[in-house]
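Asker: Each chain is listed here by its residues.
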Amino acid sequence: MAFVDRAYSGLSNNIHGGFEVPDWLSAEHSTGTSIMAVEYNGGVVIGADSRSTTGSYISNRFTDKLTQITEHIYCCRSGSSADTQAIANIVRYHLDFHSIELGEPPLVEAAANIFRELCYNYRDSLMAGIIVAGWDKRRGGQVYCVPLGGMCVRQPLAIGGSGSTYVYGYVDAHFKKDMSKKECLEFVTNTLALAMSRDGSSGGVVRLADLTEKGIERFTVLGDQLPRFYEG
Amino acid sequence: MASVLVPEFERPGFSFENCQRNAFLQSKGFPVPKAVKTGTTIVGIIYKDGVILGADTRATEDVLISDKNCAKIHYLAPNMYCCGAGTAADTSKTTQLIASQLELHRLNTGRVVPVVTANRMLSQMLFRASLVLGGVDNTGPHLYCIYPHGSSDNVPYATMGSGSLAAMAVFESTWKPNMNEEEGKQLVRDAIASGIFNDLGSGSNVDVCVIRKGSVDYLRPFDQANVKG
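Chains C and R supply the protein sequences, listed in that same order.
Quick note on the working numbering: the first sequence kicks off at 1 and runs consecutively.
Quick note on the working numbering: the second sequence kicks off at 1 and runs consecutively.
Each hint should be verified, as a subset may be incorrect.
To be verified - The list that follows gives simulated cross-link-like pairs (lysine to any residue, SDA-like), each with its CA atoms no further than 20 Å apart:
1) C:Lys177 / C:Val153
2) R:Lys28 / C:Lys137
3) R:Lys28 / C:Gly204
4) R:Lys176 / C:Lys137
5) R:Lys176 / C:Val153
6) R:Lys176 / C:Gly204
7) R:Lys176 / C:Gly223
8) R:Lys176 / C:Asp124
9) C:Lys137 / C:Ser125
10) R:Lys176 / C:Arg198
Stated by the list, open to error - Derived contacts from chain C toward chain R, CB cut-off under 10 Å, selection only:
11) Tyr93
12) Leu126
13) Glu217
No lab work stands behind these hints: they were computed from the structure.
Glycine included, every Cβ here is placed at the ideal spot set by N, Cα and C.
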């Protein structure tokens, strides 16, 4: 087997069939990710990158991490793809049932709490960082952050995923209260572009969505249309 | 059924019950077997009229080739087929189990089974298999890749298995939307051939399965790329 230096060969401690196999053959499929959600008066803007990785291989370069839970509630998924997809499916089912019992569209807070119940009670078995965002009649646009341990807290702005660590400073510096929808979209696009350019596990296109009383409006910012910043 | 979320066993869907047992076993020195994609190249594309699936035909037992001409494209329903990468027994048993459940579903509902149904069933029955599921239903052609841990992606072209990187290189350079059938079959053949010639775990022939609305062509072998292995 030809490789120059073991340290750079990209093979993990995976012996199969007497020789080592590359990590992407056996690693779990995860959404490395940069995800974000911002509230504004009248709705929320959510955004995510589109890269899913299996070890160091990009297994899906156009993933949709903005998953619908109900017509007015969406979640941004980060962490293990299998865990977050399974959780989202369970929450969708429970919320669907709940809305039939209620007779009206469920509250975003209800969705966030169901996510939290699952993420907290099974915290040792799951790897899921989720941002729940949506619009309801009672409180308008809301964003709830449900990270790894199963916390659930409402915030005007939430960022998550491995790429978020690189943009906390940018977000703190540029967030203002009472932004318009257009300003929010631009803010989210810029933040995600910065995160994607620094984080290896984030990339591809930026998927944006605007959630209001009327429902969802989706946007995609392709790679060549992404805002460009200092690139050395 | 009220919303009592905290441990309510016997629920449909993924059960986390065994996690405690697994952790215990792990602490006693029996680690969880890793999901490994053993030698295979499987691919799928969406073309103008439907879905084309492709697979190589080598089955390996570690470094020995145990079957030079095994069938990796499995029947699920008259309108759906599934390629499997991973332990041969796992992929064929999982697909047979789901095929029988899909037939029951078809009899129960009286309609053509949608591909999303098979996708949901396969990703919930986890058996260390990586699958490329393709089919045509009343809403059009669909292609899914299902990973061993239970996640799935809805994609226009997919490759899985140890030869997936070689095959993906071919797709990324040549796939375009709305190809006709001949172009599609040739592209799939090229992708599998790339896996056969560049991956030790893949070899022998190329099998192709074309699924259109109302008809299926199971071409085995489509191309004998590498006659003696």
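Asker: Against each hint, give a clear statement of whether it holds in the structure.
Answerer: Okay, the hints, checked on the actual structure:
1. C:Lys177 / C:Val153: holds (18 Å)
2. R:Lys28 / C:Lys137: It is violated: about 53 Å lies between the C-alpha atoms, which goes past 20 Å.
3. R:Lys28 / C:Gly204: Violated, because 42 Å separates the two Cα atoms, which is more than 20 Å.
4. R:Lys176 / C:Lys137: violated (44 Å)
5. R:Lys176 / C:Val153: violated (44 Å)
6. R:Lys176 / C:Gly204: holds (18 Å)
7. R:Lys176 / C:Gly223: At roughly 18 Å apart (the allowed maximum being 20 Å), Gly223 (chain C) and Lys176 (chain R) satisfy the hint.
8. R:Lys176 / C:Asp124: violated (43 Å)
9. C:Lys137 / C:Ser125: violated (35 Å)
10. R:Lys176 / C:Arg198: Not satisfied, since the Cα-Cα distance of roughly 30 Å exceeds 20 Å.
11. Tyr93: holds (8 Å)
12. Leu126: holds (8 Å)
13. Glu217: violated (21 Å)
The structure fails to meet hints 2, 3, 4, 5, 8, 9, 10 and 13 from the earlier list, while all remaining hints are met.
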